[in-house]
Amino acid sequence: DQQVKQNSPSLSVQEGRISILNCDYTNSMFDYFLWYKKYPAEGPTFLISISSIKDKNEDGRFTVFLNKSAKHLSLHIVPSQPGDSAVYFCAASAYSGNTPLVFGKGTRLSVIA
Amino acid sequence: DTAVSQTPKYLVTQMGNDKSIKCEQNLGHDTMYWYKQDSKKFLKIMFSYNNKELIINETVPNRFSPKSPDKAHLNLHINSLELGDSAVYFCASSQWEQSYEQYFGPGTRLTVT
Chain A
1 DQQVKQNSPS
11 LSVQEGRISI
21 LNCDYTNSMF
31 DYFLWYKKYP
41 AEGPTFLISI
51 SSIKDKNEDG
61 RFTVFLNKSA
71 KHLSLHIVPS
81 QPGDSAVYFC
91 AASAYSGNTP
101 LVFGKGTRLS
111 VIA
Chain B
1 DTAVSQTPKY
11 LVTQMGNDKS
21 IKCEQNLGHD
31 TMYWYKQDSK
41 KFLKIMFSYN
51 NKELIINETV
61 PNRFSPKSPD
71 KAHLNLHINS
81 LELGDSAVYF
91 CASSQWEQSY
101 EQYFGPGTRL
111 TVT
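Chains as they are written, first to last, in the working numbering: chain A, 1 to 113; chain B, 1 to 113.
Calculated directly from the structure, the hints in this document are not laboratory data.
Everything numeric in this text was worked out from a predicted model, so none of it was measured.
Hints may be right or wrong, so weigh each one.
Okay, derived cross-link-like pairs now, SDA-like style, lysine to any residue, Cα gap no bigger than 20 Å in a straight line [stated by the list, open to error]:
hint, chain 1, residue 1, chain 2, residue 2
1, B, LYS9, A, GLU42
2, B, LYS40, A, ALA41
3, A, LYS105, B, PRO106
4, B, LYS41, A, ASP24
Extracted from the complex, chain A is given alone in its bound form (with noise of 0.2 Å):
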């Protein structure tokens, strides 16, 4: 049963455009959400967080939008840079230290040049 969703496993944006990454969550007990970026043969690293009291937090190129009634966020990237080519996590927790992170399948970012 999967509690965090990321639908595409891939996405190729032109460089200076804009990315948009979607995932989408089915427990609502959840209410803090999180992107993570992992590049091959490293450990994930935290990205950009957002509480369920906010539908938006930015950092720098990305965004993440929340919009709880549809059990939805998403990670916008602006612009896109060849360097952000990496695969996006989506997670999600309980805001507690002893409810686990859980995990979408990631979506694969490639940015063309």
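Got chain A; can you put chain B on it based on the hints?
Chain B in isolation, oriented as in the chain A frame:
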């Protein structure tokens, strides 16, 4: 300086053998985790330790035994390895109060033949 390190990076072994993977973090975090990324690319929590105390123990065969000698180390010992144990194992760490922001090691690719 490597924040979260794992050894070995690659491990090839035969069915039935016993092996260990080591993890160390120099971030001063009090919570450490083991994740398994299987062939379907899902990252799933296996265990978490807070101040050397086991907090999360997901449905994992008891052939897997984590050991935390101190807050900076969390090792994973696997007995009687099976083909299905082949995966990439990631160690991660965080502060308990910010368990949503985890720092991952580079992963250990385990291949059981």
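Hint check:
| no. | hint | result |
| --- | --- | --- |
| 1 | LYS9/B x GLU42/A | holds (10 Å) |
| 2 | LYS40/B x ALA41/A | holds (16 Å) |
| 3 | LYS105/A x PRO106/B | holds (18 Å) |
| 4 | LYS41/B x ASP24/A | holds (17 Å) |
Hint compliance for this structure: no hint is broken.
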